[in-house]
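Order-wise, the sequence lines are chains P and D.
Residue 1 is where the first sequence starts when you use the working numbering, and the numbers rise one by one after that.
Residue 257 is where the second sequence starts when you use the working numbering, and the numbers rise one by one after that.
Treat the hints with care, since some could be wrong.
Within a straight-line C-alpha distance of at most 30 Å, the following computed DSSO-like cross-link-like pairs (lysine-lysine) qualify [claimed, not checked]:
(1) D:Lys321 / P:Lys199
(2) D:Lys464 / D:Lys454
(3) P:Lys184 / D:Lys307
(4) P:Lys24 / P:Lys100
(5) P:Lys197 / D:Lys307
(6) D:Lys280 / P:Lys199
(7) D:Lys633 / P:Lys197
(8) P:Lys24 / P:Lys110
(9) D:Lys280 / D:Lys454
(10) D:Lys463 / D:Lys529
(11) D:Lys382 / D:Lys372
(12) P:Lys184 / D:Lys382
(13) D:Lys372 / D:Lys464
(14) D:Lys529 / D:Lys280
(15) P:Lys50 / D:Lys321
(16) P:Lys50 / P:Lys110
(17) P:Lys50 / D:Lys464
(18) D:Lys592 / D:Lys529
(19) D:Lys321 / P:Lys197
(20) D:Lys307 / P:Lys199
(21) D:Lys592 / P:Lys197
(22) D:Lys372 / P:Lys199
(23) D:Lys372 / P:Lys197
(24) P:Lys50 / P:Lys157
(25) P:Lys229 / D:Lys529
(26) P:Lys50 / D:Lys592
(27) D:Lys307 / P:Lys50
(28) P:Lys184 / D:Lys529
Since the hints were made in silico from the structure, they are not lab data.
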Amino acid sequence: MNIVVCVKQTPARDSLLRVDAAGKWVSEDDLNFEINEPDAYALESGLQLKEQHGGEVTVLCAGPARAAQTIREALAKGADRAIHIAADHLGALDPLGLAKLMAAALRDEKPDLVLTGLQSDDLGYGQTGVILAELLGLPHATIIMQVEVEGGTLQVKRELEDGWFQHVAMPLPALLTIQSGISKLRYATLMGIKRAKTKPVRTVSAAELGDAATPVLEVARVYAPPRGKRTQLFDGDARESAARLVEKLRFEARVL
Amino acid sequence: MIQASSPSFPPFTEEHELVRQSVKRFCLEEIAPFATEWENAGEYPRELFHKAAHLGLFGIRTDPKWGGAGMDWWASAAAYEALRFTDFPSINIGFMVQADLTVPLIDELGTDELRKEFLAPAVAGKRIAALAISEPGCGSDVAALRTTAREDGGDFVISGQKLWITNGVNADFLLLAVRTAEDRHHGISLLLFPTETKGFSVGKRLKKVGHVASDTAELFFDECRIPQRYLLGRRNRGFYYIMGHFQGERLATAMLVLSFMDRSMELAVQYGKERQAFGRRLIDNQVWRHRLAEHRASIEAARWLTYHAADLMNHHAKADREVSMAKLVTTELAQKVTYDCMQIHGGFGYTTEYPVSRIWRDMRLYTIGAGTSEIMKEKLAKQEGW
Ligand SMILES: Cc1cc2nc3c(=O)[nH]c(=O)nc-3n(C[C@H](O)[C@H](O)[C@H](O)COP(=O)(O)OP(=O)(O)OC[C@H]3O[C@@H](n4cnc5c(N)ncnc54)[C@H](O)[C@@H]3O)c2cc1C
């Protein structure tokens, strides 16, 4: 089975984020970067499927030179080769523009399965994978928690709202967007890290891939949510107050 | 115009960064959350050796032919750096014995037959190794060791006692120093000794001030018979192998201690920023700012001395002097650094719940183990020709 896993490099989760001078994105000066969390699970799913069914895992990553580190990590974990779309200003593209570049980079590949993360930790559009499926003419399913391949058919489990799941059978080839936290991520072993150096990485510039679509989305302003304190008192009996408190915590504060 | 470029020394690459990240995640997920529980239990699961082996920690510089990664001392340096995130030096010493006290010596001196039987399974974490040199009557003075191996037919028959042996309770085999002739220096040999051998027994597990979850054992040999093919290297050359090998052990020790100095500084700074007293953060007091700044500078100096020693080791150059200095400087400095990092924690630092107290207790070992500070100084003085 030939599997393509799309991975993005995003600021490390423990980063201290500061808005940049133009107020349109975060300042990248002192940031550390890492693999986008859901993409790490997409990669893990791809590697597990390869272990079960044989074949090859190809990593597709669009990003500036520093993204080479994330590509190397994916190769160290067990991916066989990589395609790096070298582009410095991906932030200027919207999901359609980016998906066009990715589809073009996959033009000569014949993947049986394309995996992406559900969304990226930085922009969080949740659209890139879905649009890529459309451009590649593949069926897709989103928020996948479990993937099994049985004789040319995919059996997947989707996460719905409120603890509901949906089991879907779908044909191959296909594209799936993978949810975070669905399995234990493997470690890049030292032997894997050493071997990664010898694995092929094809670098293509965004320009070589043809025009990306003119963005239809524009980021107007990036800012941190204003900090404030609001106190709300519930009167009424304890039972009723508790019920209202739970509702607030669940639907407004979203901490439950 | 001056071109900005990354410094060429130390030659850390993207590859080393991946090693750091992977080892750090391993520590944060597999070890640190359980450290206090294992510390209280006085032991940790054997399974950790399998996990660490799978990650590749025991064969960093070993030929891939035997399951290693075939990297060099810089990869070891990167791994040690990240291993501070265990917050649990009891494990680090166990791993160090496997990775840097036993595996490299078997790799260097072993025949392919011995490598297959002992090295490969040690790298794979299937067999736990211990280095058994010290005895009740000999520590610094290695040439005084008395555990003997006499030849009998095609076998060695071993009798005697070892003390202070890290991993001694759990070991599947020992890299064992024995007396095979009278001569102090020319009468010692190294053997690979399977612990299932008849007549071998483990005495008590020693109770210690620190490293309480690391098994440090007393070992007894009563007419233990092993085949002569388990001789490692040449007969009666053991003392010189040990002295040569100590370089790697001491360099690894310096790296381990450096990483825990870094860790205790991280914990101290974090606490200093959180804790308020007299209306300001502890770290806002000049006395702490300056004391920690001084430690930062000293640690950095110790680090570069250690890097220099690592560079010489990588080039197979004579590194005796620099390694002894690095061992001496890092382990002595660690006493001051961990003391102050504990001090800034106040009463909390004196409880066993805070990793900083564990690091303080455990780092106390290292001016003693792997060659005492006095012995390091004696070596240096001798080299100076005094
Ligand atoms: C937790 C722990 C783990 C250990 N793990 C191992 C292991 O895995 N394998 C192993 O073989 N050993 C191990 N050891 C033993 C360790 O290497 C010895 O304790 C160390 O070498 C010191 O030997 P000693 O304890 O016999 O002290 P001694 O050699 O008796 O020294 C006592 C004191 O006298 C000083 N001294 C000795 N000679 C001189 C001199 N010429 N001039 C000035 N001062 C001198 C020493 O510096 C020291 O301060 C371990 C020890 C500990 C505590």
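Hints and how they fare:
{"no.": "1", "hint": "D:Lys321 / P:Lys199", "in the structure": "holds (19 Å)"}
{"no.": "2", "hint": "D:Lys464 / D:Lys454", "in the structure": "holds (29 Å)"}
{"no.": "3", "hint": "P:Lys184 / D:Lys307", "in the structure": "holds (14 Å)"}
{"no.": "4", "hint": "P:Lys24 / P:Lys100", "in the structure": "holds (23 Å)"}
{"no.": "5", "hint": "P:Lys197 / D:Lys307", "in the structure": "holds (24 Å)"}
{"no.": "6", "hint": "D:Lys280 / P:Lys199", "in the structure": "holds (24 Å)"}
{"no.": "7", "hint": "D:Lys633 / P:Lys197", "in the structure": "violated (42 Å)"}
{"no.": "8", "hint": "P:Lys24 / P:Lys110", "in the structure": "violated (37 Å)"}
{"no.": "9", "hint": "D:Lys280 / D:Lys454", "in the structure": "violated (41 Å)"}
{"no.": "10", "hint": "D:Lys463 / D:Lys529", "in the structure": "violated (36 Å)"}
{"no.": "11", "hint": "D:Lys382 / D:Lys372", "in the structure": "holds (12 Å)"}
{"no.": "12", "hint": "P:Lys184 / D:Lys382", "in the structure": "holds (23 Å)"}
{"no.": "13", "hint": "D:Lys372 / D:Lys464", "in the structure": "violated (35 Å)"}
{"no.": "14", "hint": "D:Lys529 / D:Lys280", "in the structure": "holds (23 Å)"}
{"no.": "15", "hint": "P:Lys50 / D:Lys321", "in the structure": "holds (25 Å)"}
{"no.": "16", "hint": "P:Lys50 / P:Lys110", "in the structure": "holds (16 Å)"}
{"no.": "17", "hint": "P:Lys50 / D:Lys464", "in the structure": "violated (48 Å)"}
{"no.": "18", "hint": "D:Lys592 / D:Lys529", "in the structure": "holds (21 Å)"}
{"no.": "19", "hint": "D:Lys321 / P:Lys197", "in the structure": "holds (18 Å)"}
{"no.": "20", "hint": "D:Lys307 / P:Lys199", "in the structure": "holds (25 Å)"}
{"no.": "21", "hint": "D:Lys592 / P:Lys197", "in the structure": "violated (41 Å)"}
{"no.": "22", "hint": "D:Lys372 / P:Lys199", "in the structure": "holds (29 Å)"}
{"no.": "23", "hint": "D:Lys372 / P:Lys197", "in the structure": "holds (27 Å)"}
{"no.": "24", "hint": "P:Lys50 / P:Lys157", "in the structure": "holds (19 Å)"}
{"no.": "25", "hint": "P:Lys229 / D:Lys529", "in the structure": "holds (24 Å)"}
{"no.": "26", "hint": "P:Lys50 / D:Lys592", "in the structure": "violated (52 Å)"}
{"no.": "27", "hint": "D:Lys307 / P:Lys50", "in the structure": "holds (22 Å)"}
{"no.": "28", "hint": "P:Lys184 / D:Lys529", "in the structure": "violated (34 Å)"}
Checked against the numbered hints above, the structure breaks hints 7, 8, 9, 10, 13, 17, 21, 26, 28 and satisfies the rest.
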